[in-house]
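First residue of the sequence shown? That's 54 in the working numbering, and the numbers climb one at a time after it.
Careful, some of the hints might be misleading.
As the list claims (entries may be wrong) - Okay, derived cross-link-like pairs now, BS3-like style, lysine-lysine, Cα gap no bigger than 27 Å in a straight line:
#	residue 1	residue 2
1	Lys-112	Lys-125
2	Lys-100	Lys-202
3	Lys-203	Lys-178
4	Lys-90	Lys-178
5	Lys-128	Lys-185
6	Lys-209	Lys-90
7	Lys-203	Lys-128
8	Lys-90	Lys-71
9	Lys-167	Lys-71
10	Lys-90	Lys-103
11	Lys-90	Lys-100
12	Lys-103	Lys-208
13	Lys-103	Lys-128
14	Lys-190	Lys-204
15	Lys-112	Lys-71
16	Lys-100	Lys-125
17	Lys-177	Lys-128
18	Lys-112	Lys-167
None of these hints come from the bench; they were simulated from the model.
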Amino acid sequence: MRKIQLSKAFDVCAGNVKYVIGLFCTETFDRDLLLAKLAEIGVDIDKVNKFDISAEGFKIYTDDGVITENIKAMKSCVREGCNVCYDFAAELADISVGSAGSEDGWNTVIVRSKVGEELINDAKKAGAIKVKPMDEKSIELVRILASGKKKENMKKIMQIADPVKILNLVVAPQHLQLLL
54 MRKIQLSKAF
64 DVCAGNVKYV
74 IGLFCTETFD
84 RDLLLAKLAE
94 IGVDIDKVNK
104 FDISAEGFKI
114 YTDDGVITEN
124 IKAMKSCVRE
134 GCNVCYDFAA
144 ELADISVGSA
154 GSEDGWNTVI
164 VRSKVGEELI
174 NDAKKAGAIK
184 VKPMDEKSIE
194 LVRILASGKK
204 KENMKKIMQI
214 ADPVKILNLV
224 VAPQHLQLLL
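Whole structure, please, built from the sequences with the hints as guidance.
Shown next as structure tokens:
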């Protein structure tokens, strides 16, 4: 969204967006690959109510109950672009939201801009949300996940990258990390 807002080529309706709310994201799944994986493990997509990723694994909630798959078994379904994305915590959003670092029933919220702060304050005043501080251990978990995604995907980028021109400098893939 931020790229669209900053690009004159996309000056169609970006100004109509007041808030950018981003989600914590390690990766997303390709629909066709996910459907194939579900069929492989005997899950009828028409009976699926929701998916969840937790410390226990990839949870599939169906009409018949909950099926938990090892998260590594789901890696084959990940979208290709997720392998080169650095952004676990929606760093350019006004507000970033996710379950990482939160106890059950709560979400972690990172306020990243003035309009994001105003939105949260207005929601608190209206009684629409409850807010409580996070402990340092929970904050550190979010930091670890965010930096871990960057480090892991930098390795993948360096494996596939050709030399990149940056400000008229040619940088070999193995040295790209030094610039970031």
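Which of the stated hints cannot be reconciled with the structure, identified by number in ascending sequence?
The structure breaks hints 2, 3, 4, 5, 8, 12, 15, 17, 18; every other hint is satisfied.
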